Amino acid sequence: MDNEKNLKKALKNLPAHQAPESIWEKINFELEQDEADKPLQEALKKLPVHKAPESVWKGLESQLPESESQQPIIRRLRPVLAIAASLLLVVGFYFGFRQNPVEGTEFAYSEEVLDDRIQINNLEADDEAFAMIEEICAARDYLCNNDIFKSLKSEFDELNMAHEELSSAISEFNTNAQLISELTSIEMERTEVFKQMIALL
Amino acid sequence: MPRTTMMTEKEIVAGCLSNDRYAQRALYDKYKDAMFTLSYRVAGDHGLAEEILQDAFMKVYRGMHSFRGESTLGAWIKVIVVRTAYTKIKKKVKYDPIEHIKKEDHIQWGHSLDVEYLEKAIMALPEGYRTVFTLIEVEGYAHKDVAKLLDISEGTSKSQLYYAKRKLRETLKFYE
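Protein chains in written order, with this note's numbering: chain Z, 62 to 262; chain B, 42 to 217.
The reader is advised that the hints may include incorrect statements.
Keeping only pairs whose Cα atoms sit at most 25 Å apart, straight-line, the calculated SDA-like set for lysine to any residue is [said to hold, decoys possible]:
#, chain 1, residue 1, chain 2, residue 2
1, B, K100, Z, L121
2, Z, K87, B, I193
3, Z, K106, B, R207
4, B, K206, Z, V110
5, B, K73, Z, G120
6, B, K131, B, A162
7, Z, K119, B, E92
8, B, K133, Z, H111
9, Z, K99, B, D146
10, Z, K99, B, M164
11, Z, K99, B, A162
12, Z, K119, B, K71
13, Z, K112, B, Y127
14, Z, K99, B, E92
15, B, K208, Z, L92
16, B, K206, Z, L105
17, Z, K107, B, K208
18, B, K208, Z, Q102
19, B, K161, Z, D95
20, B, K73, Z, I197
21, B, K71, Z, G120
22, B, K208, Z, N89
23, Z, K119, B, Y63
24, B, K214, Z, L92
25, B, K129, B, E92
26, B, K189, B, D96
27, Z, K87, B, V179
28, B, K206, Z, G120
In case anyone wonders, no lab produced these hints; they're calculated from the structure. Just so we're clear, the structure is a prediction, and the values are computed from it rather than from any experiment.
In isolation and in its complexed conformation, chain Z is listed as follows (with noise of 0.2 Å):
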């Protein structure tokens, strides 16, 4: 007991060190030095921020593996669009032999079992695909917003456009050959402009 009393006594007793007045000095130096850079401080909260470029991004996707997000829409594109070409081709095919028949011309066939994916309607496997793209755009519109997207977009609606005036005008005088094949036509350069869109999602 009297060994902790007299170890708190003689702490209590050490002697207290001054402070070198060096010490203030680098203080006071550095406070003055704060006071002087506030127009350094003022100027350097407004420098420009630079704009990183669009090519950085396009390096980090090539980079990147295939997004699990990305797979199933394009997955699900792929069967769309092989349904929808094969489906025009036996429509044209169907509606150019029908239509202008040469006498005495003689036609052989046979039947092929399809895959039941291909039953569904055309326009309708058109519209699902159509849809897929604008929800992809939705999510996305910088893939959908630049100058290439927009003009294929624009030609497709105006080759839609042209679509319904043309399958207005067969389902009234169906019989016209010629129309049929500008149908034909105008089905097959959709095709071409909707896979292009495809290709640059």
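On the provided structure of chain Z, position chain B as indicated by the hints.
Positioned in the frame of chain Z, the structure of chain B alone reads:
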């Protein structure tokens, strides 16, 4: 409104962890300009800054699992950008060996500084001065953090900053 601008930081982190391109793009869009500006100020060259930004974001995406949320996401990315940038310029950096600065006079800046000249003067600083000045005065790091980031002593960081300011003042006088 595009989906990417509506994502919260948690969603962005979760998305990046599952390699979701929307989330990766959202993260990039959120920080690209600030990080490009920082890369440019450290590297002193636009082309090199592009390279740094790309390398740094690849490290961010690949290393997202190591983000523990101990700092903000922005601060974590900034450290990666600084390290990536510094690695690129390290060979060119020569630090003044003087640890103890003889501070004779305060550096006086006048009443106001022209921002355009200031930017030019910063970019004209030698790599070592520019890096320390940018990290401390522009990005707000403390000397101990800069010392750790650049693998230098705190004394070197302080002396680099002092000489950077002196050099900057001299250059600005030339523009006046």
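How the hints compare with the structure:
1. Our distance criterion of 25 Å between C-alpha atoms is met by K100(B) and L121(Z), whose separation comes to about 11 Å.
2. Using a Cα cut-off of 25 Å, the hinted pair K87(Z) and I193(B) holds, with the two alpha carbons roughly 22 Å apart.
3. A hinted pair counts as satisfied when its Cα atoms are at most 25 Å apart, and K106(Z) with R207(B) qualifies at roughly 19 Å.
4. For the suggested pair K206(B) and V110(Z), the alpha carbons sit about 21 Å apart, so the restraint of at most 25 Å is met.
5. At roughly 13 Å between alpha-carbon atoms, K73(B) and G120(Z) fall within 25 Å of each other, so this suggested pair holds.
6. Our distance criterion of 25 Å between C-alpha atoms is met by K131(B) and A162(B), whose separation comes to about 21 Å.
7. Simply put, K119(Z) and E92(B) have alpha-carbon atoms about 12 Å apart, close enough for the 25 Å limit, and the pair holds.
8. Simply put, K133(B) and H111(Z) have alpha-carbon atoms about 23 Å apart, close enough for the 25 Å limit, and the pair holds.
9. Our distance criterion of 25 Å between C-alpha atoms is met by K99(Z) and D146(B), whose separation comes to about 16 Å.
10. Of the supplied pair hints, the one linking K99(Z) and M164(B) holds, its CA atoms being roughly 20 Å apart against a limit of 25 Å.
11. As the CA atoms of K99(Z) and A162(B) are separated by approximately 17 Å, the hinted pair is consistent with the 25 Å bound.
12. A distance of roughly 16 Å separates the Cα atoms of K119(Z) and K71(B); the hinted pair therefore holds under the 25 Å criterion.
13. Our distance criterion of 25 Å between C-alpha atoms is met by K112(Z) and Y127(B), whose separation comes to about 20 Å.
14. The hinted pair formed by K99(Z) and E92(B) fails the criterion: a straight-line CA distance of about 34 Å is larger than 25 Å.
15. A distance of roughly 21 Å separates the Cα atoms of K208(B) and L92(Z); the hinted pair therefore holds under the 25 Å criterion.
16. As the CA atoms of K206(B) and L105(Z) are separated by approximately 13 Å, the hinted pair is consistent with the 25 Å bound.
17. Under the criterion of a C-alpha separation no larger than 25 Å, the hint pairing K107(Z) with K208(B) is consistent with the structure, at around 20 Å.
18. About 16 Å separates the Cα atoms of K208(B) and Q102(Z), which keeps this hinted pair within 25 Å; it holds.
19. Annotation: proposed proximity of K161(B) to D95(Z) holds, straight-line Cα distance about 23 Å (limit 25 Å).
20. Restraint check for K73(B) and I197(Z): satisfied, since their Cα atoms lie roughly 23 Å apart, inside the 25 Å limit.
21. The straight-line distance between the Cα atoms of K71(B) and G120(Z) is roughly 17 Å, inside the 25 Å bound, and the hint therefore holds.
22. The suggested pairing of K208(B) with N89(Z) holds, with an alpha-carbon distance near 23 Å, which does not exceed 25 Å.
23. Of the pairs offered as hints, the one joining K119(Z) and Y63(B) holds, with about 14 Å between alpha carbons and a cut-off of 25 Å not exceeded.
24. For the proposed pair K214(B) and L92(Z), the alpha carbon gap of about 24 Å is at most 25 Å, so the pair holds.
25. With a C-alpha separation of about 9 Å, the suggested pairing of K129(B) with E92(B) holds against the 25 Å cut-off.
26. Pair hint K189(B) plus D96(B) holds up; C-alpha atoms about 21 Å apart against a cutoff of 25 Å.
27. This hinted pair checks out: K87(Z) and V179(B) have alpha carbons roughly 24 Å apart, not beyond 25 Å.
28. This hinted pair does not check out: K206(B) and G120(Z) have alpha carbons roughly 37 Å apart, beyond 25 Å.
The structure fails hints 14 and 28 (numbered hints given earlier, in ascending order).
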